[in-house]
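J.: Residue-level listing of the chains:
2 protein chains.
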Amino acid sequence: MPAGSTGVTGPAGFRAAGVAAGIKSSGGKDLALVVNDGPEQVAAGVFTTNKVKAAPVLWSRQVLEQHRLRAVVLNAGCANACTGPEGFQDTHATAEHVADVLGVGAIEVAVCSTGLIGERLPMDAVRGGVDAAAAALDVGERAGFDAATAVLTTDTVAKQALVRDPDGYAVGGFAKGAGMLAPNLATMLAVLTTDAVLGAEELDAALRAATRVTFDRLDVDGGTSTNDTVLVLASGASGVRPDPAAFTERLTEVCSDLVRQLQGDAEGVTKTIDVVVRGAADEDDAVAVGRTIAEDNLVKTALFGSDPNWGRIAMALGRVDARIDVDALEIAANGVTLFAGGTRAADRSAVDLSGREIEIVVDLHVGPHEATILTTDLSHGYVEENSAYSS
Amino acid sequence: MPAGSTGVTGPAGFRAAGVAAGIKSSGGKDLALVVNDGPEQVAAGVFTTNKVKAAPVLWSRQVLEQHRLRAVVLNAGCANACTGPEGFQDTHATAEHVADVLGVGAIEVAVCSTGLIGERLPMDAVRGGVDAAAAALDVGERAGFDAATAVLTTDTVAKQALVRDPDGYAVGGFAKGAGMLAPNLATMLAVLTTDAVLGAEELDAALRAATRVTFDRLDVDGGTSTNDTVLVLASGASGVRPDPAAFTERLTEVCSDLVRQLQGDAEGVTKTIDVVVRGAADEDDAVAVGRTIAEDNLVKTALFGSDPNWGRIAMALGRVDARIDVDALEIAANGVTLFAGGTRAADRSAVDLSGREIEIVVDLHVGPHEATILTTDLSHGYVEENSAYSS
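Top to bottom, those sequences are chains A and X.
Each residue of the first sequence is one higher than the one before, starting from 1 at the first, in my numbering.
Each residue of the second sequence is one higher than the one before, starting from 392 at the first, in my numbering.
This is chain A alone, in the form it adopts within the complex (with noise of 0.2 Å):
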């Protein structure tokens, strides 16, 4: 979905904005607010498994456990992390401000920030930043795309999506960053609404399904950032109470689309690799293959190179704690089956990795079991986004 689709706002009962209220030194927009207007307010959240954990995902992840949020504030440019019991306190005081100017409890209002890690937030532009957002919120295009670009720090594109269900509910959100959930470059953030009519549970566990197999199998550098959060809202406005499996289906295309979006605008990306691993003994080991491969350094530079270099592959995946029989496996690079048997079963010639988009396929042919990760190669423009300046 291009970006300028319908994200946040496209599902009825909710408001966005984006503003510039002066926390980027770039002086762009690094301000959004997502407003649930309702008639309900169920909401879900998924935070970082790091064990170093940002002031905000801290307070959105109490303000989660009763299931309802009104609010959601998000900034770039300071992710205020590692920041001690002050940091905490600019994070409560963020979302008491955002309570007071909407009327609502600061225990109805998450708080997401991105950006360098270590740094107080300057809490005079967060307040009046606030204060703009709130006197922009609107329903409407214009109004998601704002609020999906505040949030962008080293992203070159807003990133949305939004499906419609027949049923006449649908499904929308944007996302910034580059990396699995608990991510990576940057910190990975995501906010998805809906209008459907769902119970807290129902929700919770439709977000939780849907992040499994999208947002974790995200992994550009296998960095886990110590701010990513995953929220979704209920406003129950369109009045259609759907099967939870179709509903959990929609949300899964919603996230899918975003990661497909984040995984295209990775830091320094020149490929988009997806690494299919399929016959595994059960799904973990599928993913621990997959993972392994794609955060090795070595195939990420061979394929940034365009080489099917799949003796990388193999070192790499023979590393990982998973059953696997050399010679059962089967390695293949955009259709083109490379090894098998225990030996080479072509020529890496006959495979051409040129283009942006590349498939490799990894059968361990001991089980029924598969899961793709993405990723994306190592260029010398990820070496230089993140040694030029500090992010």
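Worth flagging that the hints you see were computed from the coordinates, not collected in a lab.
These figures come from a predicted structure and were not determined experimentally.
Just to be clear, a hint being listed does not mean it is correct.
Here are the simulated lysine to any residue pairs, SDA-like style, with alpha carbons at most 20 Å apart [stated by the list, open to error]:
(1) X:K662 / A:A388
(2) X:K442 / A:A281
(3) A:K271 / A:E384
(4) X:K415 / A:D347
Once you've looked at the hints, dock chain X against the given chain A.
T.: Quick look at chain X alone, frame taken from chain A:
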């Protein structure tokens, strides 16, 4: 120890040679032979933990079961990995040919290979190289240097070390590659020699103790090669039977010297980085924390940019499965404490990382254990070297 110093031929009882056999397309030296003339031929080896093991690893591991070696033959330019039963036959034939030429048994000959995975060994070149190397076998500095040179791949200098114990014995060796034992870039191979008199169990225990705190703690990119091998050969020619603890110390010194040389010559290195982890609940935790920081691309690119971005270090260690208390944690770089008590302790401008050597000290403050992992930065040179050609 500068290249050119005596390595494997430093201890008495050893001859070596390195020749150009025509395996490398560059035409450089690519086949080395190290012979133990005794009077004793005690040996021990440690090998890659990768599930995908090259043919020479399968062969040498089997040979080492009797803890006795007359000779080691090593080649660069072809890893002979993922080559199936035919590849194993090539290794076996190589050992047989060495055995014939030297008048020993094939079961007394270890084989090591390094280079591209998935290609078959050019056996005519190997046989010719073995003949030439056997004819060139010599004691003395030049022979050891030639052998150390013939195993290089992307290395830019030969790595040799020698320690003489006042009790009258010596420990020498050479190494190639750039990673941890069970590494990584282009394979790590090392051959160590000593003229001390040692039993098989003593030698084996000393090798495991020495590699555990040296080769095992060099981690350039987390990779684990299919071919990694460290062998030690004891000739007994000095007639000196050392105290086992003292010998382990000497062997560790030689390994440590070689590992420092590998670190300094790693692919694309512009910074040598020591990650010192203190105050861990146990040694495994210290190693896991150090290794995760050392492998984190966001940390490695920041350090390439001389940027004391300690937030990335905090992020990296927060994803380790180890006992960590964020409020107790301290992070320092080149002697300046940057994070303590859950928040920033100094401005990042207080630390200078512009030099080639960087020391990161992480004190977990939860126990008495520590470990140091040696690594390098992630530079444009690394990406270039690993994307521009197959290795």
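J.: Name the hints, by number, that the structure is in violation of.
T.: Hint check: nothing fails, all pass.
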